[in-house]
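Visitor: Heads up, the sequence shown is in the numbering used here, so the first residue is 1 and it goes up one at a time.
Check each hint, because a few of them may be wrong.
[As the list claims (entries may be wrong)] Derived Cβ-Cβ restraints for the label pairs, each shown as a range:
#1 204 <-> 2: 47 to 55 Å
#2 207 <-> 261: 16 to 24 Å
#3 116 <-> 54: 32 to 40 Å
#4 54 <-> 276: 25 to 33 Å
#5 204 <-> 172: 41 to 49 Å
#6 172 <-> 1: 16 to 24 Å
#7 212 <-> 116: 38 to 46 Å
#8 202 <-> 2: 50 to 58 Å
#9 29 <-> 3: 35 to 43 Å
#10 121 <-> 57: 13 to 21 Å
#11 280 <-> 212: 35 to 43 Å
#12 135 <-> 269: 15 to 23 Å
Because the hints were derived from the structure by calculation, they are not lab data. C-beta atoms are modelled at their ideal positions from N, C-alpha and C, and glycine is treated no differently.
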Amino acid sequence: MNKETKGMLIGFVGILIFSLTLPVTKLAILSFNPYFIAFGRATLAGAVALAYLALKREPMLAKADISKFVVIALGVVFGFPILTTVAMTHGSSSHGAVILGMMPLATTVIGVVRFGERPSLGFWLVSLLGAALVVIYALVKSSGSFTLVDILLVLGGICACIGYVEGGELSRKMNPRAVISWALVISLPFNIIFSYFTFDSAYFDAGMSAWTIFIYLSLFPMFIGFFFWYEGLAIGGIARVSQVQLIQPFCTLVAASILLGDSLTWMNLVFAVLVVSTVILGKKMLIKRA
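Working from the sequences, and respecting the hints, build out all of it.
Guide: This is the structure we're talking about:
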(Lines of atoms letter the chains of each structure in order from A; the text may use other names.)
(Lines give C-alpha, C1' and ligand atoms only; values in the text may rest on other atoms or scores of the structure.)
Protein backbone atom coordinates (compact mmCIF):
# COMPACT_ATOMS: atom_id res chain seq x y z
CA MET A 1 0.00 0.00 0.00
CA ASN A 2 1.50 3.35 -1.04
CA LYS A 3 1.53 6.45 1.18
CA GLU A 4 -1.30 8.23 -0.63
CA THR A 5 -3.67 5.25 -0.27
CA LYS A 6 -2.73 4.79 3.39
CA GLY A 7 -3.24 8.49 4.03
CA MET A 8 -6.68 8.43 2.41
CA LEU A 9 -7.77 5.40 4.45
CA ILE A 10 -6.62 6.95 7.72
CA GLY A 11 -8.19 10.27 6.79
CA PHE A 12 -11.45 8.52 5.96
CA VAL A 13 -11.78 7.39 9.59
CA GLY A 14 -11.51 11.02 10.64
CA ILE A 15 -14.14 12.02 8.07
CA LEU A 16 -16.57 9.41 9.41
CA ILE A 17 -16.20 10.96 12.86
CA PHE A 18 -16.60 14.50 11.51
CA SER A 19 -19.67 13.51 9.46
CA LEU A 20 -21.75 13.16 12.64
CA THR A 21 -20.97 16.70 13.80
CA LEU A 22 -23.91 18.56 12.22
CA PRO A 23 -26.73 16.12 13.09
CA VAL A 24 -25.43 15.62 16.64
CA THR A 25 -25.08 19.41 17.02
CA LYS A 26 -28.69 19.73 15.90
CA LEU A 27 -29.66 17.42 18.76
CA ALA A 28 -27.50 19.31 21.26
CA ILE A 29 -29.19 22.62 20.41
CA LEU A 30 -32.42 21.21 21.78
CA SER A 31 -30.87 21.37 25.27
CA PHE A 32 -28.05 23.93 25.19
CA ASN A 33 -27.30 27.42 23.92
CA PRO A 34 -25.28 27.20 20.66
CA TYR A 35 -22.47 29.33 22.06
CA PHE A 36 -22.16 27.17 25.17
CA ILE A 37 -21.99 24.12 22.89
CA ALA A 38 -19.15 25.69 20.89
CA PHE A 39 -17.10 26.93 23.85
CA GLY A 40 -18.05 24.22 26.30
CA ARG A 41 -17.10 21.30 24.10
CA ALA A 42 -13.76 22.98 23.33
CA THR A 43 -13.18 23.36 27.08
CA LEU A 44 -13.78 19.67 27.78
CA ALA A 45 -11.69 18.65 24.77
CA GLY A 46 -8.93 21.00 25.91
CA ALA A 47 -8.88 19.48 29.37
CA VAL A 48 -8.57 15.99 27.92
CA ALA A 49 -5.89 17.21 25.51
CA LEU A 50 -3.92 18.69 28.41
CA ALA A 51 -4.07 15.33 30.21
CA TYR A 52 -2.93 13.58 27.02
CA LEU A 53 0.07 15.87 26.59
CA ALA A 54 1.08 15.35 30.23
CA LEU A 55 0.64 11.57 30.04
CA LYS A 56 2.67 11.27 26.84
CA ARG A 57 5.23 13.83 28.04
CA GLU A 58 5.10 15.64 24.73
CA PRO A 59 7.80 18.31 24.32
CA MET A 60 6.90 21.97 24.66
CA LEU A 61 6.11 23.98 21.55
CA ALA A 62 8.90 25.63 19.60
CA LYS A 63 8.51 29.41 19.50
CA ALA A 64 8.54 29.32 15.71
CA ASP A 65 5.43 27.10 15.70
CA ILE A 66 3.26 29.05 18.16
CA SER A 67 1.77 31.27 15.46
CA LYS A 68 0.86 28.16 13.46
CA PHE A 69 -1.01 26.72 16.42
CA VAL A 70 -2.86 30.00 16.86
CA VAL A 71 -4.03 29.70 13.25
CA ILE A 72 -5.16 26.11 13.84
CA ALA A 73 -7.04 27.14 16.99
CA LEU A 74 -8.77 30.04 15.24
CA GLY A 75 -9.84 27.69 12.46
CA VAL A 76 -10.94 24.43 14.10
CA VAL A 77 -11.37 25.34 17.78
CA PHE A 78 -13.21 28.65 17.37
CA GLY A 79 -14.23 29.44 13.78
CA PHE A 80 -15.77 26.21 12.53
CA PRO A 81 -17.54 25.16 15.77
CA ILE A 82 -19.05 28.58 16.44
CA LEU A 83 -20.21 29.31 12.89
CA THR A 84 -21.65 25.87 12.18
CA THR A 85 -23.36 25.58 15.57
CA VAL A 86 -25.08 28.93 15.06
CA ALA A 87 -26.01 27.84 11.52
CA MET A 88 -27.65 24.70 12.88
CA THR A 89 -30.04 26.82 14.96
CA HIS A 90 -31.53 28.11 11.70
CA GLY A 91 -30.95 25.36 9.14
CA SER A 92 -30.98 21.60 8.73
CA SER A 93 -27.98 19.31 9.03
CA SER A 94 -28.82 17.80 5.63
CA HIS A 95 -28.57 21.21 3.97
CA GLY A 96 -25.38 21.99 5.86
CA ALA A 97 -23.86 18.71 4.74
CA VAL A 98 -23.96 19.56 1.06
CA ILE A 99 -22.71 23.12 1.54
CA LEU A 100 -19.67 21.82 3.42
CA GLY A 101 -19.06 19.52 0.47
CA MET A 102 -17.05 22.40 -1.00
CA MET A 103 -14.37 21.95 1.67
CA PRO A 104 -12.09 19.58 -0.31
CA LEU A 105 -11.54 22.17 -3.02
CA ALA A 106 -10.98 24.91 -0.44
CA THR A 107 -8.48 22.71 1.42
CA THR A 108 -6.63 22.02 -1.81
CA VAL A 109 -6.45 25.68 -2.80
CA ILE A 110 -5.22 26.72 0.65
CA GLY A 111 -2.66 23.90 0.60
CA VAL A 112 -1.37 24.99 -2.79
CA VAL A 113 -1.04 28.63 -1.74
CA ARG A 114 0.40 27.91 1.70
CA PHE A 115 2.76 24.98 1.10
CA GLY A 116 3.40 24.71 -2.62
CA GLU A 117 1.56 21.49 -3.44
CA ARG A 118 1.09 21.28 -7.21
CA PRO A 119 -1.98 19.34 -8.35
CA SER A 120 -2.19 18.43 -12.02
CA LEU A 121 -4.71 20.03 -14.37
CA GLY A 122 -6.76 16.83 -14.34
CA PHE A 123 -6.88 16.90 -10.55
CA TRP A 124 -8.14 20.50 -10.59
CA LEU A 125 -10.84 19.62 -13.11
CA VAL A 126 -12.03 16.65 -11.05
CA SER A 127 -12.01 18.76 -7.86
CA LEU A 128 -14.00 21.49 -9.56
CA LEU A 129 -16.45 18.89 -10.83
CA GLY A 130 -16.95 17.53 -7.32
CA ALA A 131 -17.45 21.00 -5.88
CA ALA A 132 -19.85 21.90 -8.70
CA LEU A 133 -21.93 18.82 -7.96
CA VAL A 134 -22.47 19.78 -4.31
CA VAL A 135 -23.20 23.42 -5.24
CA ILE A 136 -25.81 22.31 -7.76
CA TYR A 137 -27.29 20.02 -5.14
CA ALA A 138 -27.46 22.85 -2.60
CA LEU A 139 -29.11 25.24 -5.06
CA VAL A 140 -31.69 22.67 -6.11
CA LYS A 141 -32.53 21.94 -2.47
CA SER A 142 -32.92 25.65 -1.61
CA SER A 143 -34.89 26.70 -4.71
CA GLY A 144 -31.95 28.37 -6.43
CA SER A 145 -30.76 30.80 -3.76
CA PHE A 146 -28.20 31.00 -0.96
CA THR A 147 -29.25 31.95 2.59
CA LEU A 148 -27.62 33.28 5.78
CA VAL A 149 -27.18 29.67 6.85
CA ASP A 150 -25.21 29.03 3.65
CA ILE A 151 -22.95 32.00 4.37
CA LEU A 152 -22.27 30.84 7.95
CA LEU A 153 -21.51 27.33 6.73
CA VAL A 154 -19.19 28.53 3.97
CA LEU A 155 -17.27 30.77 6.39
CA GLY A 156 -17.11 27.92 8.89
CA GLY A 157 -15.87 25.56 6.20
CA ILE A 158 -13.11 27.97 5.18
CA CYS A 159 -12.03 28.28 8.83
CA ALA A 160 -11.86 24.51 9.11
CA CYS A 161 -9.86 24.18 5.89
CA ILE A 162 -7.26 26.68 7.10
CA GLY A 163 -6.91 24.68 10.31
CA TYR A 164 -6.74 21.43 8.35
CA VAL A 165 -3.94 22.65 6.09
CA GLU A 166 -1.82 24.15 8.87
CA GLY A 167 -2.34 21.15 11.13
CA GLY A 168 -1.73 18.65 8.35
CA GLU A 169 1.60 20.25 7.50
CA LEU A 170 2.71 20.39 11.16
CA SER A 171 1.79 16.71 11.49
CA ARG A 172 4.52 15.86 8.98
CA LYS A 173 7.17 16.81 11.53
CA MET A 174 5.49 16.10 14.88
CA ASN A 175 2.94 13.75 16.44
CA PRO A 176 -0.48 14.47 14.80
CA ARG A 177 -2.16 13.84 18.16
CA ALA A 178 0.01 16.49 19.76
CA VAL A 179 -0.90 18.99 17.03
CA ILE A 180 -4.62 19.09 17.82
CA SER A 181 -3.88 18.72 21.54
CA TRP A 182 -1.70 21.82 21.65
CA ALA A 183 -4.22 23.79 19.57
CA LEU A 184 -6.89 22.95 22.15
CA VAL A 185 -4.64 23.64 25.13
CA ILE A 186 -3.46 27.09 24.03
CA SER A 187 -7.09 28.12 23.51
CA LEU A 188 -8.28 26.51 26.76
CA PRO A 189 -8.13 29.68 28.95
CA PHE A 190 -10.38 31.57 26.52
CA ASN A 191 -12.81 28.67 26.22
CA ILE A 192 -13.08 28.33 29.99
CA ILE A 193 -13.99 32.02 30.30
CA PHE A 194 -16.54 31.95 27.47
CA SER A 195 -18.03 28.69 28.75
CA TYR A 196 -18.58 30.28 32.14
CA PHE A 197 -20.47 33.24 30.70
CA THR A 198 -22.60 31.12 28.34
CA PHE A 199 -23.47 28.44 30.92
CA ASP A 200 -26.98 28.33 32.36
CA SER A 201 -27.73 26.62 35.68
CA ALA A 202 -30.71 24.96 33.97
CA TYR A 203 -28.21 22.80 32.08
CA PHE A 204 -27.68 20.75 35.25
CA ASP A 205 -31.14 19.33 34.62
CA ALA A 206 -30.60 18.71 30.91
CA GLY A 207 -30.55 14.96 31.38
CA MET A 208 -28.17 12.09 30.63
CA SER A 209 -28.97 11.98 26.91
CA ALA A 210 -28.20 15.68 26.38
CA TRP A 211 -24.91 15.49 28.25
CA THR A 212 -23.91 12.31 26.40
CA ILE A 213 -24.40 14.19 23.14
CA PHE A 214 -22.35 17.09 24.51
CA ILE A 215 -19.52 14.75 25.55
CA TYR A 216 -19.53 13.11 22.12
CA LEU A 217 -19.16 16.51 20.42
CA SER A 218 -16.31 17.35 22.79
CA LEU A 219 -14.25 14.19 22.49
CA PHE A 220 -14.80 12.92 18.96
CA PRO A 221 -15.18 15.64 16.26
CA MET A 222 -13.28 18.11 18.44
CA PHE A 223 -10.39 15.85 19.43
CA ILE A 224 -10.14 12.18 18.42
CA GLY A 225 -11.25 12.75 14.83
CA PHE A 226 -8.19 14.94 14.29
CA PHE A 227 -5.90 12.09 15.33
CA PHE A 228 -6.85 10.32 12.11
CA TRP A 229 -7.39 13.37 9.91
CA TYR A 230 -4.07 15.10 10.57
CA GLU A 231 -2.16 11.83 10.29
CA GLY A 232 -3.86 11.09 6.97
CA LEU A 233 -3.03 14.56 5.62
CA ALA A 234 0.58 14.20 6.75
CA ILE A 235 1.05 10.80 5.13
CA GLY A 236 -0.86 11.20 1.87
CA GLY A 237 -0.56 14.93 1.20
CA ILE A 238 -3.08 17.71 1.69
CA ALA A 239 -4.33 17.92 -1.90
CA ARG A 240 -4.90 14.18 -2.29
CA VAL A 241 -6.34 13.28 1.11
CA SER A 242 -8.61 16.34 1.22
CA GLN A 243 -10.65 14.73 -1.57
CA VAL A 244 -11.93 12.18 0.96
CA GLN A 245 -14.00 15.06 2.35
CA LEU A 246 -16.22 14.82 -0.72
CA ILE A 247 -17.75 11.73 0.86
CA GLN A 248 -18.53 13.56 4.12
CA PRO A 249 -21.77 15.28 3.00
CA PHE A 250 -23.36 11.98 2.18
CA CYS A 251 -22.16 10.29 5.36
CA THR A 252 -23.80 13.21 7.16
CA LEU A 253 -27.02 12.72 5.18
CA VAL A 254 -27.19 9.10 6.29
CA ALA A 255 -26.47 10.11 9.89
CA ALA A 256 -29.19 12.80 9.73
CA SER A 257 -31.62 10.20 8.42
CA ILE A 258 -30.88 7.86 11.31
CA LEU A 259 -30.58 10.40 14.14
CA LEU A 260 -33.07 13.08 13.04
CA GLY A 261 -35.43 11.22 10.74
CA ASP A 262 -34.46 13.28 7.66
CA SER A 263 -35.57 11.52 4.51
CA LEU A 264 -33.09 10.02 2.04
CA THR A 265 -34.21 10.70 -1.53
CA TRP A 266 -33.15 9.33 -4.89
CA MET A 267 -31.51 12.67 -5.63
CA ASN A 268 -29.34 12.23 -2.54
CA LEU A 269 -28.24 8.80 -3.70
CA VAL A 270 -27.56 9.90 -7.29
CA PHE A 271 -25.39 12.80 -6.14
CA ALA A 272 -23.64 10.50 -3.66
CA VAL A 273 -22.60 8.18 -6.49
CA LEU A 274 -21.43 11.10 -8.63
CA VAL A 275 -19.39 12.69 -5.85
CA VAL A 276 -17.77 9.41 -4.80
CA SER A 277 -16.84 8.93 -8.46
CA THR A 278 -14.91 12.22 -8.41
CA VAL A 279 -12.94 10.96 -5.39
CA ILE A 280 -11.98 7.83 -7.31
CA LEU A 281 -10.98 9.86 -10.37
CA GLY A 282 -9.06 12.36 -8.26
CA LYS A 283 -6.98 9.57 -6.73
CA LYS A 284 -5.71 8.66 -10.19
CA MET A 285 -4.49 12.18 -10.95
CA LEU A 286 -0.90 13.25 -10.39
CA ILE A 287 -0.01 15.34 -7.34
CA LYS A 288 3.42 16.94 -7.13
CA ARG A 289 4.55 17.83 -3.61
CA ALA A 290 7.01 20.66 -3.07
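Visitor: Hint says 50 to 58 Å; check whether the CB-CB distance for residue 202 and residue 2 agrees.
Guide: Given about 53 Å between the Cβ atoms, the range holds.
Visitor: That 35 to 43 Å hint for residue 280 and residue 212 (C-beta), does it hold up?
Guide: Holds, at about 36 Å.
Visitor: Are residue 172 and residue 1 spaced within 16 to 24 Å by their CB atoms?
Guide: Hint holds: Cβ distance 19 Å, inside 16 to 24 Å.
Visitor: Is 41 to 49 Å right for how far apart the beta carbons of residue 204 and residue 172 are?
Guide: With Cβ atoms ~44 Å apart, the hint holds.
Visitor: 25 to 33 Å was suggested as the range; check whether the CB atoms of residue 54 and residue 276 agree with it.
Guide: violated, 41 Å
Visitor: Do the beta carbons of residue 135 and residue 269 sit within 15 to 23 Å of each other?
Guide: Holds, since residue 135 and residue 269 (Cβ atoms, about 18 Å apart) stay within the stated range.
Visitor: In this structure, is the beta-carbon distance linking residue 207 and residue 261 contained in 16 to 24 Å?
Guide: holds, 20 Å
Visitor: Would you say the C-beta atoms of residue 29 and residue 3 sit inside 35 to 43 Å of each other?
Guide: Once the Cβ atoms are compared, 40 Å apart, the range 35 to 43 Å for residue 3 and residue 29 holds.
Visitor: Is it true that residue 121 and residue 57 lie within 13 to 21 Å of each other by Cβ?
Guide: violated, 46 Å
Visitor: Given the range 38 to 46 Å, decide if the beta-carbon distance of residue 212 to residue 116 lies inside it.
Guide: holds, 44 Å
Visitor: Can you let me know if the beta-carbon spacing of residue 204 and residue 2 is within 47 to 55 Å?
Guide: Cβ of residue 204 to Cβ of residue 2: about 52 Å, so the range 47 to 55 Å holds.
Visitor: In this structure, is the beta-carbon distance linking residue 116 and residue 54 contained in 32 to 40 Å?
Guide: Holds, since residue 116 and residue 54 (Cβ atoms, about 35 Å apart) stay within the stated range.
In summary, the structure is inconsistent with hints 4, 10 from the numbered list given earlier, while agreeing with the others.
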